[in-house]
Amino acid sequence: MIQARPIDVATVRADFPILGRQINGRPLVYLDSAATSQKPETVIDAMDDYYRRYNANPHRGVYTISEEATAAYESARQRVATLINARSPKEVIFTRNTTEAINLVRYSWGRANVHTGDRILLTEMEHHSNLVPWQLLAQEVGARLEFLCIDDEGLLQLDQLERKLEGVRLLALTHQSNTLGTINPIKAIAAAAHRAGALVLVDGAQAVPHMPVDIQDLDVDFYAFSGHKMCGPTGIGVLWARRALLESMPPFLGGGDMIKRVKLTEASWNDLPWKFEAGTPSVAEGIGLGAAVDYLNLYGMEHVRSHERTLVGYAMEKLQEIPGITLYGPRDPELHGGAVSFTLPNIHPHDLATLVDREGIAVRAGHHCTQPLMDRLGVAATTRASFYLYNQADEVDQLVRGIQKAQKVFA
Amino acid sequence: MDDLYREQILEHYKNPHHFGELADPDITQEGDNPLCGDVITLYLKLDDGRVGDVRFRGRGCAISQASASMLTDMIVGKPVQELKTFPTGDLLEELGIPISPARMKCATLSVNTLRVALNGDSSEEED
Chain A
1 MIQARPIDVA TVRADFPILG RQINGRPLVY LDSAATSQKP ETVIDAMDDY YRRYNANPHR
61 GVYTISEEAT AAYESARQRV ATLINARSPK EVIFTRNTTE AINLVRYSWG RANVHTGDRI
121 LLTEMEHHSN LVPWQLLAQE VGARLEFLCI DDEGLLQLDQ LERKLEGVRL LALTHQSNTL
181 GTINPIKAIA AAAHRAGALV LVDGAQAVPH MPVDIQDLDV DFYAFSGHKM CGPTGIGVLW
241 ARRALLESMP PFLGGGDMIK RVKLTEASWN DLPWKFEAGT PSVAEGIGLG AAVDYLNLYG
301 MEHVRSHERT LVGYAMEKLQ EIPGITLYGP RDPELHGGAV SFTLPNIHPH DLATLVDREG
361 IAVRAGHHCT QPLMDRLGVA ATTRASFYLY NQADEVDQLV RGIQKAQKVF A
Chain B
1 MDDLYREQIL EHYKNPHHFG ELADPDITQE GDNPLCGDVI TLYLKLDDGR VGDVRFRGRG
61 CAISQASASM LTDMIVGKPV QELKTFPTGD LLEELGIPIS PARMKCATLS VNTLRVALNG
121 DSSEEED
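Residue numbers (the working numbering), protein chains in the order written: chain A, 1 to 411; chain B, 1 to 127.
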């Protein structure tokens, strides 16, 4: 295995073709990686190579290029399994994205295991993708949703946890808030949930790309994440789940590849993981995700995390100096992942995002798919700057200058 | 970066025309962009088939609030029948800046709300 090396931002940036682009006559300052990350050349090349040299439907072809496609796709699964320390690649189900992974659990496990009067515990900081599926399930089976509240710093109020876990079948929560940046103490929360007899699903869309994630150490039951936020392509995501759970769950989508033996009126299911992967999969995207994992392994997730921790600390310090600004999320960079949300008096986030775009700076403005959290914070929208391994302190400075310029326009 | 927010737009945003409520409106219509959080409420007083008086309240980005302010200037005194087909393009022209697709909902919130107030729906096409 290659020794992971500390992040040298200039070297990293040279690997991402898009970072050479000019926007409105200025170099692109991309501060929206929490929405989707940029892609290194190796990922683009891996997908290109598949389409040019061995494009074929995997799994059943007996000819060379189909076997090559199968090997590449399944080796990507192995690499994902290793990244999150899964016991086996059989526990790694490829989906379209985090949303589909969570919906898989809602339809397959949820319908079979959540009944009238049962409770599902969520948090106030969930992305709509880890909220709406449970609303739909609760409506369908007559279950009740409960919510863990946050405090004013955007941390979960864990003193409520034990009380709120009573009668809960499933606790579904995010590992890192996409809006607040809050990193939740999943291991301790999962242990408490298990003591109370609940299963734990974690939305890891903002965690796997940005920090070491060891699902055996976290000891959760379901863990979902997306390829496109971790240097990989869109259209590929992952549901990891305990093998025993996956074995016991009914299939999600029916069709080709997920079956073993089909008769006119019945069928039996394929082995894991293919039982949950109906139809021709996203082969190029799977291969691209495998290349993304290889790319992140060049540096190691510890180094990615420490690079972002430094950037977030610097960003909070610099943004704090802007008169009137309100910053959301934990003050402690140890508890704050690579996304910083803020509001300014008299400048709506959309106006700010439009104005800094004139300077080539891409930030997100809006509710970040967390409308209930916006209600909790008492704002309609925030501006969010989010970071990745290719961002640098200089880009924080440019954002601050862009904000100051916008403040002059609105003065 | 200033040209995108012309002086006139900022002026309307900071000192909106016809801002407030009417004591006894004939029509009160709320409109919002859930995606942006922009909200406005239009109050219309009709007078012999015309808009006799108008007020609005709102909260949101500069584009949405300035466009509402400009719209109130454009409709006061006009025949209701004519306003039922008020062209969105006229308001965009008055705004006078290029509106990107992402900001179009902000720019047209006020005129869409006007159409709902007068026609019951926000579509521009006549039926």
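Derived by calculation from the structure, the hints in this document are not laboratory data. Being a predicted model, the structure only gives us computed values, none of them experimental. Check each hint, because a few of them may be wrong.
[What the hints assert, rightly or not] Pairs of lysine-lysine residues, derived as DSS-like cross-links and limited to a Cα-Cα distance of at most 30 Å, are as follows: (1) A:K90 x A:K187; (2) A:K90 x A:K318; (3) B:K84 x A:K408; (4) B:K105 x B:K84; (5) B:K78 x B:K45; (6) A:K405 x B:K14; (7) A:K318 x A:K260; (8) B:K14 x B:K105; (9) B:K78 x A:K405; (10) B:K84 x B:K45; (11) A:K263 x A:K90; (12) B:K78 x A:K318; (13) B:K78 x B:K105; (14) B:K45 x B:K14; (15) B:K14 x A:K408.
[What the hints assert, rightly or not] Under 7 Å between C-beta atoms, here's a sample of chain B residues computed to sit facing chain A: (16) P16; (17) F19; (18) A62; (19) F86.
Every residue, glycine too, gets a C-beta built ideally from N, C-alpha and C.
Structure-based check of each hint:
no. : hint            : result
1   : A:K90 x A:K187  : 23 Å, holds
2   : A:K90 x A:K318  : 46 Å, violated
3   : B:K84 x A:K408  : 39 Å, violated
4   : B:K105 x B:K84  : 19 Å, holds
5   : B:K78 x B:K45   : 12 Å, holds
6   : A:K405 x B:K14  : 18 Å, holds
7   : A:K318 x A:K260 : 58 Å, violated
8   : B:K14 x B:K105  : 20 Å, holds
9   : B:K78 x A:K405  : 40 Å, violated
10  : B:K84 x B:K45   : 15 Å, holds
11  : A:K263 x A:K90  : 26 Å, holds
12  : B:K78 x A:K318  : 51 Å, violated
13  : B:K78 x B:K105  : 24 Å, holds
14  : B:K45 x B:K14   : 24 Å, holds
15  : B:K14 x A:K408  : 14 Å, holds
16  : P16             : 14 Å, violated
17  : F19             : 16 Å, violated
18  : A62             : 5 Å, holds
19  : F86             : 24 Å, violated
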